[in-house]
Every structure is written in structure tokens, then in C-alpha cells.
Amino acid sequence: MTRGAKGYFAATLVGQVAALLRYVLLSRILGPEQLGYAAMLILTAQFFEFITDTSVDRFIVQDKDGDTTIMQKVVQLALFGRGCLLASALVVTAIGMRLYDPTSTFCYSVAALAIPPLISGLLNVDQYRAQRTGDFRPASVVQVTSEISGLIGTGIAAFIVRDHTAILYGLAAKAVAQVVFSHLVAKRLYGWSYSRPEAATFRRFAIPLFLNGLLLFFGGQGDRLLVGFLGPAELGKYSAILLLIYYPTNVVLRFMQSIHMPRIAASRTEPELLRREARALGGRSFLLAVGVIAGFTLVGPFMSPLLFGPSFAHRPEVFALLAALEGARFLRLWPVTIALAEGRTTIVMLDNASRLVALPLAGLALLMTHSLEAILIALTFGEYISLVTTLWLLSRVTQVSLLRESGRLIMLLIVTTLACLWALAVPAQQMTAMGALLVASLAATIWIVRSEHLVIREAIDVALSRLTALRRRAT
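In this note's numbering, the protein residues as written are 1 to 475.
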């Protein structure tokens, strides 16, 4: 039985809203350039976090011994070691920056980044153990309190310091709250231990993720790294616009992965049940990816200057291309969740490696055109390469069929093309083109409804049943 699933979704939503509000505050108070420097700090922290990522939350959920006390203590010891390693690496990086450029003051900000991971190393992972039985309540409490604390810390600091270092105070406040509340909601006392068999099991799971983290960083943050070459102001503007789509999609993505991964992991010994769960996840991910592309192409150009200010406006085609990139990234939830639930972290690593095909192309496009649009097109191409690669690898070891599922990839590419053409045609007021696009969009909608009718019908049935329940309660 799933307990607290709605609360977990609400907690995830609160967390992402808090993170978005954090950027709104920074953009309004600091402006694009200082926001760009804050984005550089975040990218630096994320680089070290990604290359040391061990996915302890997923390990505790999916491993057969994840419920044991000894395994939990081994994982907590590893997590503390990771925090110390991260802090040391950031301090060494700051020293290197100071030696390279003695006049730079940005190195002090990088050194201060060592504080949050050192604190986070003391996290109690018992909240993840509860998810093995479908109890998401402890994780919900930790997430809500930490995100709100981070928002408050960032907001107060931004009003006082008025520069990019405000983000450092927010990250530290978030880490403190995360650790404190992870201990408060835990049913087991915090502790460390070392056991060779448990450590070996965790090591087999985690080692592929080290390289995967490096690949994931460049695959997921490569766009901001490249945009950074256009200058801090352009990076600040792009980062703010990106978060308009990233945070809403991340809410749904994290919730779906948390709900579906335990189900798929539990059905590994039943091929028919596994096939049904995988198909359901694929259909839901595809429909949501379509919604991401269509929705952000429509509302993005209006929401960005409204939330962040007039200096954060951009061309409509940039929003359409960014929606295409994030829509393809969202669809990766489907094969990656299946691979993680099966414990096949090597496939996850190869999934992220295949995304890097686009980075040299995007870099070349940057050098030749100095164009943000060219960067986004190249990176979106990489996401489709990744999708095809991962589905092919899964088809060799699971019930997933590349041939059967390729229709979703083709249709998502068609939706992407239509969104970009709409973004070009509407501002230019090309009525003939808009008429043709309307016909093509209707045809695509009909195809999607017919191909995903089972998933759509299930969603409608769930909505109707809940609406009926609400009416009964009201009467």
C-alpha cells in the first residue's frame, strides 16, 4: 500500500516552487549578470556532486538488503565520506583558481561552496528505507522543510549582500534543514558501520554511477556550460528561462520515478506484469513530454519577462527549442527508470554517454554561429540519440521492444517540429503557414489519442472516480 504518495507529490511541488521563487528573487534583486555568476557557482557545485553521485536513495529502495540496519549504516558512512571528499575538492579548486588569478575574488565563493556538502554528509537515509513499503511521508517532510529553509536563507541574504554570494547562504540553510529533519523523521538511530559484503554490494551499484555522474553532468548541464561562453549576462538570462520549464517538469519527473520504480522493481519476476508497468510508464511519460513541449512554447515567452523582468525576454523560437530539449529529456524518464528498477546501472551510464555525442556538435555550432538556437538544436539531437540507445540496450535484456516503442520517438519529433514552426509563424503573422500548421497539429493530436488511448482512458477513469468521491464527500 502506498502511503503519503499525494503528500510526496505536494512536497515535490513545494520544493520546485520554492526553488523557482529563489531564482525569481535573485533575478529581480541581482539582475542577469550577478545571476549568471550565481549560476556558475551552482554549476561548479553540481559538477562535483554529479561525479560523486551514488544514488543512495535508489539503492536503498531497490536493493534486496536495503532494509537491513547494517546496510543502512554502511551507506551512511559512504555518504559522509562523499561529503568530506566534495568539500576537499571544492577547497582545492578554489586554491587553484586563486593561484591562477591572484586578483580574482570569485575563488572565495567557490571555497564557501564546501560547507553545504560537508553538512549534507550527515544525512540519515532512513527516509528512503520507508519508501520500500510505499511510505513517502518522511521524505516529504524532509523535502518541504529543506526547500523552504533554502528559499528563506537565499531571500534574506539577497536583500543584505546584493550579489551572487546570496546563493551560498541559501544552500547552507537548505543543507542544515535537510540533515536535521532527516534525523527527526527517522525510526532508526543514525550510525556508521563497515561490513565487507554490504560494502561490496553498494560498491557494485555505485561505481558505474561515478562515471555516469560525469556523463550526466555534461549531458544535463552541457547547455549552460556552452551558453556560459556567451557571457555571464546571457548565462543568467538563459538559466532563469530554463528553470521556468525545468522545475515544473522536475516535479512530475521525480514523483513519477518515485512511484513507478518500486512497482517495476517488484514486478521483475513476473514478465507480464513488468511489461504492463513498463508500457504504462512509457505512455504517461510520452503524453507528459508532449504537454511540456506544447505548453512551454505557448506560455514561456509571456511568463519569463513577467516573472523575472523585461531584461529576461527572449525570442519565441528559443522557448520552442528549449521546450523540445526538455521534452526529450523528460521522455528519458521512461527507459532510465526501467533500467534503475532492474539494477542495470551500466545501461544508465551508457544512456548518459550517448547524450554527449551532441556536445562537440553544439560547441562547433557555437563557434560558427554564436547562436543559442544552434546550441539547442544540437543538444536536442543528442537526447534522441540517447533515447534510441537506451531502448535498444533494454530490448536486449528486458521485455522492452525498440521496434514497438519507436513510434513514440517519431511522434515526439513531429510535435517538436510543429512547435518550432508555430514559434516562427505566429510572430511573422504568416496566415497560410498557420493554417497548414493547424491541420498538421490536429492530425498529430488524433494519432496521439489513438495510439495512447489506453493510458488516456485510465487517466480519465482515475479523474472521474476521484471527482465522484469528492462529490460524495461534499454531499
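Derived by calculation from the structure, the hints in this document are not laboratory data.
Treat the numbers as computed from the prediction; the structure is a model and nothing was measured.
Don't take each hint at face value.
Said to hold, decoys possible - Simulated pairs of lysine-lysine, DSSO-like, Cα-Cα distance not exceeding 27 Å:
1) Lys6 x Lys187
2) Lys64 x Lys187
3) Lys6 x Lys64
What the hints assert, rightly or not - Simulated restraints on C-beta separations:
4) Ile456 x Leu43: 37 to 45 Å
5) Ile460 x Arg404: 38 to 46 Å
6) Ser311 x Thr103: 57 to 65 Å
7) Phe229 x Gln399: 40 to 48 Å
8) Thr417 x Ser195: 17 to 25 Å
9) Ser311 x Glu270: 28 to 36 Å
Glycine is no exception: its CB is placed at the ideal position from the N, C-alpha and C atoms.
Now the hints, each set against the structure:
no. : hint                        : result
1   : Lys6 x Lys187               : holds (21 Å)
2   : Lys64 x Lys187              : holds (19 Å)
3   : Lys6 x Lys64                : holds (26 Å)
4   : Ile456 x Leu43: 37 to 45 Å  : holds (39 Å)
5   : Ile460 x Arg404: 38 to 46 Å : violated (24 Å)
6   : Ser311 x Thr103: 57 to 65 Å : violated (28 Å)
7   : Phe229 x Gln399: 40 to 48 Å : holds (43 Å)
8   : Thr417 x Ser195: 17 to 25 Å : violated (54 Å)
9   : Ser311 x Glu270: 28 to 36 Å : violated (55 Å)
When each numbered hint is compared with the structure, violations occur for hints 5, 6, 8 and 9.
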